[in-house]
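Model the placement of chain D on the given structure of chain C, informed by the hints.
Protein chains: 2
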Amino acid sequence: MKYIAMNRFKIILGKEEEFEQVWRTRETYLDEVKGFKEFHLLKGESNEEYTLYSSHSVWDSKDDFISWTKSESFKKAHRGAGKNKPLYIGRPMFEGFDVIL
Amino acid sequence: MKYIAMNRFKIILGKEEEFEQVWRTRETYLDEVKGFKEFHLLKGESNEEYTLYSSHSVWDSKDDFISWTKSESFKKAHRGAGKNKPLYIGRPMFEGFDVIL
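Going line by line, the protein sequences match chains C and D.
Using numbering that gives the first Met the number 0, the first residue of the first sequence is number 0, and each one after it goes up by one.
Using numbering that gives the first Met the number 0, the first residue of the second sequence is number 0, and each one after it goes up by one.
This is chain C alone, in the form it adopts within the complex (with noise of 0.2 Å):
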């Protein structure tokens, strides 16, 4: 059963461009990686406080998903991710979801 693995992300307001820059100088190391179909960033609303981003992987199970949180290329692709904290408020919030229909 496919996968999609979202993480959604505060973005402070006016923090929009630098955040969108950090994923697309982002080196993923995703695409040799088993089960791993296809990645997107999306951006939702804003509101007063932020603006909503999300990141949107899609896998062929759970399964992949959870290897690839296990592995190398994982530790890699997330290398210095905590330096971007002042862009957004609290924490990345994760949500897995099977594709059920």
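The set of hints was computed from the structure by calculation and includes no laboratory data.
Honestly, I wouldn't trust all of these hints.
Where chains are identical, the list cannot tell them apart; a pair therefore holds if satisfied intra-copy or between any two copies.
Unchecked claim - Below, a list of computed lysine-lysine pairs in the BS3-like style, where the Cα atoms sit at most 30 Å apart:
#: 1; residue 1: Lys1; residue 2: Lys14
#: 2; residue 1: Lys9; residue 2: Lys74
#: 3; residue 1: Lys69; residue 2: Lys36
#: 4; residue 1: Lys74; residue 2: Lys42
#: 5; residue 1: Lys33; residue 2: Lys82
#: 6; residue 1: Lys75; residue 2: Lys61
#: 7; residue 1: Lys69; residue 2: Lys82
#: 8; residue 1: Lys33; residue 2: Lys14
#: 9; residue 1: Lys9; residue 2: Lys36
As the structure is a prediction and not an experimental result, all values here were calculated from the model.
Same frame as chain C, now just chain D:
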């Protein structure tokens, strides 16, 4: 720019099968709608209160999605949706996203 429309539902524990059945048997009238690409129903995690689900439809653009919400097809697809209320906690919560990368 592609657009993803998601509607989040908090389903009362034990009502999951009934909720999925509603979607399985639903006529969405989407296939002939301009700009519509694909539809999926996603199942997220459960906590002590509910199981998270989300509808997930992909569109050629936000404008195509907005036009659909004002159309006769939309009215037809949502006729009677109110009667499923006992299955969920609170209201469905809409989130729309531009696919920027």
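Outcome of the hint check:
1. Taking the shortest Cα distances, lysine 1 and lysine 14 sit within 30 Å of each other only across copies (22 Å), while inside one copy they are farther apart (33 Å).
2. Taking the closest pair of Cα atoms, lysine 9 and lysine 74 come within 30 Å of each other only inside a single copy of the chain (23 Å); across copies the shortest separation is 33 Å, beyond that limit.
3. For the homomeric pair lysine 69 and lysine 36, the shortest alpha-carbon distance inside one copy (18 Å) is at most 30 Å, but the shortest distance between copies (33 Å) is not.
4. Proximity of lysine 74 to lysine 42 under the C-alpha cut-off of 30 Å is found in both arrangements, the shortest distances being 25 Å within a copy and 27 Å between copies.
5. For a Cα distance limit of 30 Å, the shortest separation of lysine 33 from lysine 82 inside one copy, 28 Å, qualifies, whereas the shortest one across copies, 42 Å, does not.
6. Only within a single protomer do lysine 75 and lysine 61 lie at most 30 Å apart by alpha-carbon distance; the minimum there is 21 Å, versus 35 Å between protomers.
7. Proximity of lysine 69 and lysine 82 under a CA criterion of 30 Å is satisfied intra-copy only: 21 Å inside one chain copy versus 44 Å between copies.
8. For the identical chains of this complex, lysine 33 and lysine 14 are neighbours neither inside a copy (34 Å) nor across copies (34 Å), given an alpha-carbon limit of 30 Å.
9. In the homo-oligomer, the alpha carbons of lysine 9 and lysine 36 lie at most 30 Å apart both inside one protomer (25 Å) and across protomers (28 Å), since each shortest distance falls under that limit.
Checked against the numbered hints above, the structure breaks only hint 8 and satisfies the rest.
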